[in-house]
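Starting from two chains that each stand alone, build the complex the way the hints lay out.
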Amino acid sequence: MESSQADINREIEAAAQQPGGPQPKLDYPSYRSSILRHPKQPPHLIDPESVELWAPAFGHRDVAVDEADLTIQHAGTPIGERIVVTGRVLDGDGHPVANQLVEVWQANAAGRYRHQRDQHPAPHDPNFTGVGRMLTGPDGTYRFQTIKPGPYPWRNHLNAWRPAHIHFSLFGTDFTQRLVTQMYFPGDPLFPLDPIYQSITDPKARDLLIAQYDHEVTTPEWSTGYRWDVVLTGTHRTPLESDIEETA
Amino acid sequence: MSAVPGQTVGPFFHLGLEYDAMNELVPPGNPKAVRLHGTVRDGNGDPVPDAVLEIWQADPQGAVLRQPGSLRRDGWTFTGWGRAATGADGHYQFFTLEPGATEPGTAPFFAVTVFARGLMDRLFTRAYLPDVPELSSDPLLSAVAEDRRHTLITTREPDGLVFDVRLQGDDETVFLTYPRLRDAWS
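Chains A and B, in that order, are what the protein sequence lines are. Under the UniProt record's numbering, the first residue of the first sequence carries the number 1, and numbering increases by one thereafter. Under the UniProt record's numbering, the first residue of the second sequence carries the number 1, and numbering increases by one thereafter.
Quick caveat, the hints were computed from the structure, so don't treat them as lab data. You can trust all of the hints, since none of them are fake.
Have a look at the derived ranges for each label pair, beta carbon to beta carbon:
#	chain 1	residue 1	chain 2	residue 2	range
1	B	Ala143	A	Gly137	37 to 43 angstroms
2	A	Glu81	B	Gly100	48 to 54 angstroms
3	B	Arg182	A	Gln5	33 to 39 angstroms
4	A	Pro220	B	Gln61	53 to 59 angstroms
5	A	His215	B	Gly100	51 to 57 angstroms
6	B	Pro31	A	Pro42	40 to 46 angstroms
These stretches of chain B come out as covered by chain A in the derived footprint (C-beta under 8 angstroms, 3 or more residues):
#	stretch
7	8 to 18
8	115 to 125
Bear in mind that the values here come from a model prediction, so they are computed numbers and not experimental data. C-beta atoms are modelled at their ideal positions from N, C-alpha and C, and glycine is treated no differently.
So here's chain B without its partners, still in its complex pose (with noise of 0.2 angstroms):
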């Protein structure tokens, strides 16, 4: 069957996609949360502020969790899926709590789309969490040229793991495609 073809998310998303504590996976206040952030740029370097992050991710035991729960958060079930607009800085944050593995022996990563005005369909990417032994052994990581490889790893800071986004251009972020949508892309 032919897949539905994407369009832009378009200026006005934050009408339909916006609520409450979408991007609090867990309460600010928890104090095993993580902030996960970033700024999304353009192909000049440019903030852009108008863009939507989403996240799905493992719980930090590694389970993929399946639970109801995202839209209204009731302060206590991890549903491990949020999003996030940026701001007027082109800025965005998460609270969160750190994946695990969900596989022995591999490393864990957030699941990323990326929507913004302009942008005519979505991205997907990956954000994996720094300094864990399993990096070097990582199947998507070996094969992305070495150069390139940093665009999908966070870097811990002392305010959070950061993510930057770079649509175009140099240090553009390695986005993904999969089987059953190679042939979808343009």
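Chain A on its own, in the form it takes in the complex (with noise of 0.2 angstroms):
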């Protein structure tokens, strides 16, 4: 029998009561899709070697500053709140991450992504494509202009829904730090019922993903803002100053 939100939250609570660390659990079966899909062994400890010392490298060549901006990629004016969602990407002793590649993609203002497996029949927007590329500036800050994502219903269980959230693709300077994940906007009710967001038992850990609103990024008579810092972890290489040297 499908299970509903109310055994959902059940299955939520009996594993805060056993907390892991600061990442999300990959053995979490209330997101139901994780239970063939996560390793049983314990991860293999070594020291990064050879090619997994660095990161690849991107440069404008890659990326055209026009891709930083959801709201122009058709001909019309997507539909939604607009928002600018900047911050700066860090490595994990707070030093910035220069001139590397994050990707950023998101449902349209209905809840709806522009992909052929989303069934949700909520309306498309055909101003509205949901993609940005950019990358970071020598101080590790990233902006991009877009609408704000509307939640939307996954059918892991019953009535199940997540909440609004930008996925992130983002590279540091060594192999190891690489990250993807989720931004989630502040005070969203929709928190304690979504398995993936509660996959992160440390509710710190988890705050980490939620941006913040910011008056001073907003555009006056155009948009509302949000900041959201992300903090990769640690190198296992001191940074070289080619590392933030211009590369493209």
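Structure follows, in structure tokens:
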């Protein structure tokens, strides 16, 4: 029988009694699709070697400046609440990750992805694809213009809804810092109900995924704004000057 | 500083992560191109049709090139990085060059990152070239239980280098963590 939200809530509550670390539990059965997709063996600890001490490089050849504006990719203007999202990408020691690739993707304002597997019968927006790319600046700053995504149902259990989020893909200065995650919006009432968000059982770590409204990054008469800083894990190599040089 | 936790890549990653020739580190017609391919399977042995893999590697001379251009391939520059999504049959493929040893006497490998719907966080592993004498002295392979060692080594088949990924179960792939991530794993 399909689980109810009440069933999932009980499972989330039970899992919270056995807190994991600051990362999501890979074995988190209330996200049903994780049951057969998490390794059961512990990861093998090694000192990174060779290419693992370096990250791939991206440059202005890879990313056009206008890819950071998700609201200008079509002839018309997308429907929704226009927002700026900005912040800094830092390594675990607080050094900026400069000139590195950030990829984002998201649902439209109605909670619909432009993806053939998204069967949620909310309207597509012909003026919104929901994909952006950018490079961080010398101080690790990224910034993009978009519209605020809507929450959407996802069939994990009966009447399951994901909190509104933007997917982020990030690189550091070494291979081991690779991160794909999701940024959420403050005060979302769906947080306690969402197994993906709750798979991080440390509340302080979960909070790190929530952007903050920041009036300083709004544009008068144009858009509101959110700030979200991304701290990656630490590097295994002392950053070199060349890491922060323009490689394009 | 506290690292931001990971979250699953989800079911719709193709939207944000796919681009033209992302799995072609060299054009497939390049006479030196090698096909690195395999199938991603879950704990039941079923193919995972919504996984995405990334590889990061040295060039055939063992140089770690930090060249831009992975997102807009020019058909000439070797960047050493690529991305491939699995198809409906769980199969992925890259066209690339075989990596060389970055230090004399070491075994060359592809550094591999695995993401999937249902996988809460990314996984790291290595795919070593087969038939290399240095495999027998490799520190990682020597430290891994003998019956799991093969999950880290590609096999050379007529249709390319094969590297299957098993997320769970019999023949589960050896996944890796590193000192500065150790405390971040659950």
